[in-house]
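Listed here are the chains, written in short residue letters.
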Amino acid sequence: MSTTLAFLGEFGDAIDWIFNSRESQAGGAQVGGAENLPLLWTHLKLTAAAMALAIVIALPLGLALGHTGRGAFATISISNTGRAVPSVALIAFFVAFFPGTPEFWNVTVALALLAIPPILTNAFVGVRQVSRDAVDAARGMGMSGPQIVRSVELPLALPLIFGGIKTSTVNVIATATIAPLVGVLTLGDPIISGSVYGREGQIGASIMVAALAVAAELGLSALQRSVTPAGVKLERGASGTPSRLGTLKRRIQTVP
Amino acid sequence: MTELFAQLQTRDRSAPDCVADDGICPGWIADNFDRYLDPFWQHVFLTLVSVGIGFAIAFALAVMAHRRRWLVPPITQVTGILYTLPSVAVFFLLLPLTGRGNTTAIIALVAYTLLIIFRNVIAGFDNVPPETTDAGRGMGLTERQLLWRVELPLALPEIMAGLRIAVTTTVGLASLAFLAGAGGLGEALFADYTFRSNVLVAGGLAVLLAVILDLLVLGVQKLITPWTRVAT
Numbered sequence: 001m002s003t004t005l006a007f008l009g010e011f012g013d014a015i016d017w018i019f020n021s022r023e024s025q026a027g028g029a030q031v032g033g034a035e036n037l038p039l040l041w042t043h044l045k046l047t048a049a050a051m052a053l054a055i056v057i058a059l060p061l062g063l064a065l066g067h068t069g070r071g072a073f074a075t076i077s078i079s080n081t082g083r084a085v086p087s088v089a090l091i092a093f094f095v096a097f098f099p100g101t102p103e104f105w106n107v108t109v110a111l112a113l114l115a116i117p118p119i120l121t122n123a124f125v126g127v128r129q130v131s132r133d134a135v136d137a138a139r140g141m142g143m144s145g146p147q148i149v150r151s152v153e154l155p156l157a158l159p160l161i162f163g164g165i166k167t168s169t170v171n172v173i174a175t176a177t178i179a180p181l182v183g184v185l186t187l188g189d190p191i192i193s194g195s196v197y198g199r200e201g202q203i204g205a206s207i208m209v210a211a212l213a214v215a216a217e218l219g220l221s222a223l224q225r226s227v228t229p230a231g232v233k234l235e236r237g238a239s240g241t242p243s244r245l246g247t248l249k250r251r252i253q254t255v256p
Numbered sequence: 257m258t259e260l261f262a263q264l265q266t267r268d269r270s271a272p273d274c275v276a277d278d279g280i281c282p283g284w285i286a287d288n289f290d291r292y293l294d295p296f297w298q299h300v301f302l303t304l305v306s307v308g309i310g311f312a313i314a315f316a317l318a319v320m321a322h323r324r325r326w327l328v329p330p331i332t333q334v335t336g337i338l339y340t341l342p343s344v345a346v347f348f349l350l351l352p353l354t355g356r357g358n359t360t361a362i363i364a365l366v367a368y369t370l371l372i373i374f375r376n377v378i379a380g381f382d383n384v385p386p387e388t389t390d391a392g393r394g395m396g397l398t399e400r401q402l403l404w405r406v407e408l409p410l411a412l413p414e415i416m417a418g419l420r421i422a423v424t425t426t427v428g429l430a431s432l433a434f435l436a437g438a439g440g441l442g443e444a445l446f447a448d449y450t451f452r453s454n455v456l457v458a459g460g461l462a463v464l465l466a467v468i469l470d471l472l473v474l475g476v477q478k479l480i481t482p483w484t485r486v487a488t
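Keeping their order, the protein sequence lines are chains A and B.
For the record, in the first sequence the residue sitting at position 192 is 192 according to the working numbering, with numbers rising by one throughout.
Throughout, the working numbering is defined as the position within the second sequence, counted from one, plus 256.
Derived by calculation from the structure, the hints in this document are not laboratory data.
Beta carbons are placed, not taken as given, at the ideal position from N, Cα and C, and that holds for glycine.
There could be a bad hint or two in this list.
[Stated by the list, open to error] A few chain A residues facing chain B, derived, Cβ under 10 Å:
(1) L61
(2) R83
(3) A92
(4) V95
(5) Q202
[Claimed, not checked] Stretches of chain A that chain B covers, calculated by requiring three or more beta carbons in the stretch to come under 8 Å of a beta carbon on chain B:
(6) 8-19
(7) 177-184
(8) 188-195
(9) 209-217
Could you build the full structure based on these sequences and the hints that come with them?
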C-alpha cells in the first residue's frame, strides 16, 4: 500500500494511515486504521445529535413564523448575529460556564446553536416566498392553517429548507473537528494532537473530515432531489436556471 | 494557607478567589487586557488580508464570467467545493505544501470567501435593469465603459452585501487559524478555556471585531452609493 502511494509523498503516507494502523509517535498505543473508527463514530454521533436538536427547534419555529409572517426582523437578526459568533468561542463558552455538564452535551448544544440560524432563516424565507395565490387557493378549498403549512407551504419551501439543513450539517461536521480541544474525541483528535498521531495522522484525519463534509453535502443534495415534489422541479426547470447553480444559490442568504 | 496557594497561581494576584474559581473577574480583565492586543491585531490582519485577496480573485472571476455566462456553473462548482471543505482540514491538507503560519491560514480563509463574494457579484450584475444597459449602449458606451460606469455602480449594494457576509464569516473562521500556527484570538481563547474571564474577553473581542468590520463595510457602501440613501 505504502509503496504504491509513495509518489503522493506525505499525502500517500496520510492515506496509508487512514487504512492501516501503526504505533503512535509516543509509543505504546495503536493509531490509524481501525483505531479511527471510534473517532469517526463520535464525530457522526455529535453531528447527528446537534443537527437533531437544531432541526427540532428551528424548523417548526421557522415554519410557524413564515406562515404567520411575523418575526422577519428577529429571524434576520438571529442569522446575522449567528455568523458573527465564532464557533470556538461558543464551544469554549459552554464548557467554561457549565463545567458540571458532560463535555459531549456542552459541545452538542454549542453546535446546535451554530446550526440553528441557517435552518431558521431558510425555513422562514422558504415559506414566505411561497406564492400567495397558492396559499389563498388552499384556504379557499377550506384548508386549515396547519393543513396549509403541511400540504402547501412545506412542500414548496422544501428546496430552501434543505439548503439550510445542508449548510448547517457541513458547518457542524467542520466544527466538530475542534471538539477534542475540550475533550470530546472526534476525528479532529489526530489533527489537534499532532505529537501523538504524527503528521500523517494530521493530514490523514483532515482528508477524512473533508471527505465527510463533501459526502454530507452530496448525500443531502440527493435526498433533497428525491423529496422535492415533481411539480416544483418542473417549475424550476422551466425558469431556465442551471440546477447546480440553483442548489448553491440557496445556500447563502444575502441581505441586500 | 489557602490564600498563599492562591497567590502562587500564575494568573493573578489582585483577586485570587475569583480567578481560582474561574469566574468573571473585572480586576483581572483590566490588569491583563493588554495581552489580548497582539492576538486581536493578528486577527484583524488575517481577516483583512484574506477578504482582500478573496475579493480580488472572486471579483475578477465574476467580471470574466459576466460576459461569458457558460463560465458561471463551473466556477460556482469549484468555489462551492472550496466552500464545503472544512477550514481546519484545509489548514492541515496544506501542511506539506506551505507548512504552518500565516500563508496557510490565509490560503484556507481566502478559499472560503470565494463562493460568497463570487455569487453576490454575479447576482448584482444579474439584477442590473436591462433598460439601463440598453440606454448605455444607445449612448455609445463600449462594453468596458458599460461595465465600470453602469453595471458596477448598480450592482454595488449586492456586492457589498456579499462582502459583509464574507467579513463576518472570516472573523469567525480566523478564530481557528491558531491551528495552522497563525495565532489570533482563538489561540488566546483556548490557552485557558475553562477560565470564564478569558473566554469572555477573547470571544467578546472576536464578536466585537465582526460587528465593527460589518458596520465599516456598511458605512463604505453608504458612502459610495449615495443614490440609495435618497431612494430608501
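Unsatisfied constraints (hint numbers, rising):
1
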